[in-house]
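**Student:** In order, the protein sequence lines correspond to chains A and B. 42 is the number of the first residue of the first sequence in the numbering used here; add one for each residue after it. 42 is the number of the first residue of the second sequence in the numbering used here; add one for each residue after it.
Hints are computed from structural coordinates only; laboratory data are not their basis. These numbers come from a predicted model, not from an experiment. C-beta: ideal position from N, C-alpha, C; glycine also. Some clues are possibly wrong.
Pairwise CB distance ranges (calculated) [said to hold, decoys possible]:
| # | chain 1 | residue 1 | chain 2 | residue 2 | range |
| --- | --- | --- | --- | --- | --- |
| 1 | B | Q357 | A | S111 | 35 to 43 Å |
| 2 | A | V113 | B | L176 | 47 to 55 Å |
| 3 | A | G210 | B | K90 | 51 to 59 Å |
| 4 | A | R290 | B | E135 | 58 to 66 Å |
| 5 | A | H188 | B | P94 | 22 to 30 Å |
Okay, derived cross-link-like pairs now, BS3-like style, lysine-lysine, Cα gap no bigger than 30 Å in a straight line [to be verified]:
| # | chain 1 | residue 1 | chain 2 | residue 2 |
| --- | --- | --- | --- | --- |
| 6 | A | K237 | B | K190 |
| 7 | B | K289 | B | K90 |
| 8 | B | K100 | B | K289 |
| 9 | B | K289 | B | K132 |
| 10 | B | K233 | A | K175 |
| 11 | B | K233 | B | K215 |
| 12 | A | K240 | A | K175 |
| 13 | B | K343 | B | K175 |
| 14 | B | K90 | B | K100 |
| 15 | A | K289 | B | K132 |
| 16 | A | K289 | B | K190 |
| 17 | B | K237 | A | K190 |
| 18 | B | K100 | A | K289 |
| 19 | B | K190 | A | K233 |
| 20 | A | K289 | A | K358 |
| 21 | B | K233 | A | K120 |
| 22 | A | K175 | A | K237 |
| 23 | B | K120 | A | K233 |
| 24 | A | K190 | B | K215 |
| 25 | A | K215 | A | K237 |
| 26 | A | K132 | A | K343 |
| 27 | B | K120 | B | K132 |
| 28 | A | K359 | A | K215 |
| 29 | A | K237 | A | K289 |
| 30 | B | K132 | B | K100 |
| 31 | A | K343 | B | K289 |
| 32 | B | K237 | B | K215 |
| 33 | A | K289 | A | K100 |
| 34 | A | K190 | B | K100 |
| 35 | B | K190 | B | K233 |
| 36 | B | K289 | A | K215 |
| 37 | A | K90 | A | K100 |
| 38 | B | K190 | B | K132 |
| 39 | B | K175 | B | K358 |
| 40 | B | K175 | A | K289 |
2 protein chains.
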Amino acid sequence: MRIALDAMGGDHAPAVTIEGAIESVNSFEDIDIILVGDETALTRELDSKRFPPNRITVKHASQVVRMDESPVSAIRRKKDSSIRRGIELVKGNEADGFVSAGHSGVVMATALLVLGVSVLVDRPAIAAIMPTLKLPFVLIDAGANLHCKPQNLLQFALMGSMYCRFILGREEPKVALISTGEEDTKGNELTKETFKLLKEADLNFIGNVDGKDIFTGEADVIVCDGFTGNVVLKTSEGLADALIRMLKREVGNLTTGRIGYLLLKPALRNFKKKTDYDEYGGAPLLGIQGTCIISHGRSTAKAIKNAIKVASDFAQKKVYEIISSAIEDDLSQHERLPIGKK
Amino acid sequence: MRIALDAMGGDHAPAVTIEGAIESVNSFEDIDIILVGDETALTRELDSKRFPPNRITVKHASQVVRMDESPVSAIRRKKDSSIRRGIELVKGNEADGFVSAGHSGVVMATALLVLGVSVLVDRPAIAAIMPTLKLPFVLIDAGANLHCKPQNLLQFALMGSMYCRFILGREEPKVALISTGEEDTKGNELTKETFKLLKEADLNFIGNVDGKDIFTGEADVIVCDGFTGNVVLKTSEGLADALIRMLKREVGNLTTGRIGYLLLKPALRNFKKKTDYDEYGGAPLLGIQGTCIISHGRSTAKAIKNAIKVASDFAQKKVYEIISSAIEDDLSQHERLPIGKK
């Protein structure tokens with residue numbers, strides 16, 4: 042598998058992206074990396090590193106998308122950005138997948154433009170995997186679309202459900218909608234309208250969930266607009282981090298705590314691993330005609346490496362083709378399903 | 042202080058609300074409770090309990106607002122609900138404050154109708170206090186207004202800031218706005234417009250925060266619409282609960298873990314206390330002309346007791362009067378502030 046990596050994307054690029062690329066080729070025999078970005082800078086940096094020869098190559102891109110740019114302006118003015126060039130490699134079959142820890146809105150808009158969406162899908166969405174007390178669930182949209190219509194959320198639900206079925210291997214995934222309460226009537230206009238569509242669609246829809254029930258593991262797929270998804274994802278991340286620190290501080294205040302802490306260390310390590318977003322690496326952009334994985338802006342080299350692995354698996358299993366054809370089949374069987382209608 | 046309690050509100054009413062009322066009068070010498078709800082049922086239940094005589098009275102209300110009712114329908118059809126009657130007691134000076142674990146949207150709408158808003162405020166908001174690694178912060182709006190305009194969020198920021206200053210005693214509270222990234226340009230239309238208003242207002246505005254930075258304690262007041270606020274509050278609650286369970290399970294898997302756990306127990310207890318929403322009890326509805334405290338639907342008796350204490354403190358300190366006059370002063374000094382404009 043050849044994975045194109047946006048070498049300029051993320052808070053600590055390109056040092057961390059290069060590190061992540063090197064860790065990848067060292068860890069995975071069947072993955073080669075194309076670093077996309079400023080050739081001079083990348084080559085200089087690579088010269089001082091050791092890695093298996095020919096497994097990492099560089100593709101030049103003269104522009105970098107800043108985190109404060111709007112997708113519209115980035116697409117118009119940065120035709121030679123590392124994001125654009127990377128996605129073009131996928132389009133031209135020079136890479137099997139693309140990974141970026143850069144501006145997720147720009148990655149989404151560029152993928153939409155260059156690769157296009159699957160039949161019957163209006164907008165792609167980010168599908169993030171999150172841990173619960175039981176099995177992990179798929180959060181969709183985790184941040185690609187800040188303004189959504191009920192129709193978009195229905196399509197996210199269908200794509201998330203397919204992803205969960207074919208990739209996580211769950212039969213008839215239980216789908217829930219994030220709202221402010223379990224009752225049908227709770228929520229804002231978007232969630233109320235979406236509720237009606239989900240109820241009518243060919244989905245195993247179990248109703249609304251509020252934030253409190255997200256982590257109980259009752260739902261396999263949790264649907265929301267990208268603003269809410271971003272808030273859920275980042276709040277969870279921030280809180281998990283804060284809680285571990287609070288707990289360590291509480292422990293530090295006790296005399297017996299230090300001994301307890303030493304004895305508990307392996308449990309804490311396992312626990313951290315389960316709740317550590319670096320382990321998940323990246324989230325696929327579902328609904329586009331190709332493999333595109335979005336990583337956190339604060340990604341470490343380990344997170345980049347894991348995102349590259351996700352991209353490789355995703356491309357190998359041809360996930361986007363499976364989802365496309367499953368949605369198409371689904372529609373032909375259930376004509377009343379209003380998917381694709383604008 | 043005489044606090045009116047919606048005896049019919051919450052998932053476990055009236056058993057839990059009665060228990061909370063009894064715990065309150067046993068714990069706080071200066072607080073008497075008026076239980077509002079079905080007189081026959083409440084009196085029967087109270088007859089079997091022991092509590093200081095005359096400290097708990099009953100005010101009849103024949104109707105109960107269900108959690109799936111819309112505020113509009115509840116206000117139109119349930120003029121004798123426990124929520125309406127309780128808030129009317131505050132209006133008529135028969136109670137100093139009102140506490141409800143019932144439908145927060147209906148409490149908000151009824152308070153707006155019966156008590157009215159402070160001068161220059163369009164809509165009240167729920168101000169919830171949340172723990173961080175440093176000091177707790179005020180989350181506003183935590184769920185009252187699911188549809189907001191930038192103007193509303195500006196007013197929430199001002200009210201939250203006043204609350205933080207006068208009640209939590211912080212000089213020049215740092216105010217932040219929840220968005221999908223720190224950059225000015227990140228977010229949806231609502232947050233982008235609000236960003237501009239907050240920047241121009243007489244506030245110590247420190248910019249956008251994303252979910253990841255909520256719990257670092259950098260901001261004293263965090264502003265968002267009520268849908269987002271509800272998601273943040275409930276997701277945090279659900280995750281804190283899930284993380285503690287996961288940690289306990291990890292510990293259970295180790296032989297040394299059991300000893301470690303015993304040694305750690307006091308730390309875990311302190312930690313749970315800090316992150317336990319029951320401890321905070323209830324959140325005030327800021328911007329209305331009176332004291333109104335909203336409790337979680339899943340409130341335990343302890344949470345109800347704590348909410349009653351919050352109501353009593355709030356009424357004693359005349360918080361709503363302080364906020365009203367502070368906002369008025371603020372406006373007269375800064376005429377360019379567009380508050381109150383519709």
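**Student:** Hints first: check each against the structure and report whether it holds.
**Tutor:** Evaluation of the provided hints:
With their beta carbons about 50 Å apart, Q357 (chain B) and S111 (chain A) fall outside the hinted range of 35 to 43 Å. Distance hint check: the CB atoms of V113 (chain A) and L176 (chain B) are about 40 Å apart, inconsistent with the given range 47 to 55 Å. Under the hint 51 to 59 Å, the C-beta atoms of G210 (chain A) and K90 (chain B), about 53 Å apart, fit the expected range. At about 46 Å, the beta-carbon gap between R290 (chain A) and E135 (chain B) misses the expected band of 58 to 66 Å.
The given range of 22 to 30 Å is broken by H188 (chain A) and P94 (chain B), whose C-beta atoms sit roughly 59 Å from each other. For the hint pairing K237 (chain A) with K190 (chain B), the CA-to-CA distance comes to about 26 Å; that is within 30 Å, so the pair holds. For the suggested pair K289 (chain B) and K90 (chain B), the alpha carbons sit about 37 Å apart, so the restraint of at most 30 Å is broken. Between K100 (chain B) and K289 (chain B) the alpha-carbon distance is near 45 Å, which puts this suggested pair outside the 30 Å criterion.
Distance restraint check for K289 (chain B) and K132 (chain B): the Cα-Cα separation of roughly 48 Å exceeds the 30 Å cut-off, and the hinted pair is therefore not satisfied. Distance hint between K233 (chain B) and K175 (chain A) is unfulfilled; the C-alpha atoms sit about 38 Å from each other, more than 30 Å. Among the hinted pairs, K233 (chain B) with K215 (chain B) is consistent with the structure: their alpha-carbon atoms are about 19 Å apart, no more than 30 Å. The suggested pairing of K240 (chain A) with K175 (chain A) holds, with an alpha-carbon distance near 25 Å, which does not exceed 30 Å.
Taking the CA atoms of K343 (chain B) and K175 (chain B), the gap is near 25 Å; set against the 30 Å cutoff, the hint holds. For the suggested pair K90 (chain B) and K100 (chain B), the alpha carbons sit about 18 Å apart, so the restraint of at most 30 Å is met. A threshold of 30 Å between alpha carbons decides the hint, and for K289 (chain A) with K132 (chain B) the separation of about 48 Å lies outside it, so the pair is violated. Note on K289 (chain A) and K190 (chain B): the hinted pairing is violated, with a Cα-Cα distance of about 41 Å set against a maximum of 30 Å.
At most 30 Å may separate the alpha-carbon atoms for a hinted pair to count; K237 (chain B) and K190 (chain A) meet this at roughly 26 Å. Simply put, K100 (chain B) and K289 (chain A) have alpha-carbon atoms about 48 Å apart, too far for the 30 Å limit, and the pair is violated. For the hint pairing K190 (chain B) with K233 (chain A), the CA-to-CA distance comes to about 19 Å; that is within 30 Å, so the pair holds. Distance hint between K289 (chain A) and K358 (chain A) is unfulfilled; the C-alpha atoms sit about 41 Å from each other, more than 30 Å.
The suggested pairing of K233 (chain B) with K120 (chain A) holds, with an alpha-carbon distance near 26 Å, which does not exceed 30 Å. Between K175 (chain A) and K237 (chain A), the direct Cα distance comes to roughly 28 Å. Compliance with the 30 Å bound is thereby established for this hinted pair. Using a Cα cut-off of 30 Å, the hinted pair K120 (chain B) and K233 (chain A) holds, with the two alpha carbons roughly 26 Å apart. Distance restraint check for K190 (chain A) and K215 (chain B): the Cα-Cα separation of roughly 34 Å exceeds the 30 Å cut-off, and the hinted pair is therefore not satisfied.
Restraint check for K215 (chain A) and K237 (chain A): the C-alpha separation of about 16 Å stays at or below 30 Å, so the hint holds. A threshold of 30 Å between alpha carbons decides the hint, and for K132 (chain A) with K343 (chain A) the separation of about 27 Å falls inside it, so the pair holds. For the given pair, K120 (chain B) sits about 15 Å from K132 (chain B) by alpha-carbon distance, which is consistent with the 30 Å threshold. Only pairs whose Cα atoms come within 30 Å are accepted, and K359 (chain A) paired with K215 (chain A) is accepted, the gap being roughly 23 Å.
The hinted pair formed by K237 (chain A) and K289 (chain A) fails the criterion: a straight-line CA distance of about 45 Å is larger than 30 Å. A threshold of 30 Å between alpha carbons decides the hint, and for K132 (chain B) with K100 (chain B) the separation of about 15 Å falls inside it, so the pair holds. For the given pair, K343 (chain A) sits about 27 Å from K289 (chain B) by alpha-carbon distance, which is consistent with the 30 Å threshold. Between K237 (chain B) and K215 (chain B) the CA atoms are separated by roughly 16 Å; this keeps the pair inside 30 Å, and the hint holds.
Restraint check for K289 (chain A) and K100 (chain A): the C-alpha separation of about 45 Å exceeds 30 Å, so the hint is violated. A C-alpha spacing of about 46 Å is found between K190 (chain A) and K100 (chain B), which places the hinted pair above 30 Å, so the restraint is violated. Our distance criterion of 30 Å between C-alpha atoms is met by K190 (chain B) and K233 (chain B), whose separation comes to about 11 Å. Only pairs whose Cα atoms come within 30 Å are accepted, and K289 (chain B) paired with K215 (chain A) is accepted, the gap being roughly 27 Å.
Our distance criterion of 30 Å between C-alpha atoms is met by K90 (chain A) and K100 (chain A), whose separation comes to about 18 Å. For the hint linking K190 (chain B) to K132 (chain B), the alpha-carbon distance of about 28 Å falls within 30 Å, and the restraint holds. Of the pairs offered as hints, the one joining K175 (chain B) and K358 (chain B) holds, with about 25 Å between alpha carbons and a cut-off of 30 Å not exceeded. For the hint linking K175 (chain B) to K289 (chain A), the alpha-carbon distance of about 14 Å falls within 30 Å, and the restraint holds.
Of the numbered hints given earlier, the model fails hints 1, 2, 4, 5, 7, 8, 9, 10, 15, 16, 18, 20, 24, 29, 33, 34; all others are met.
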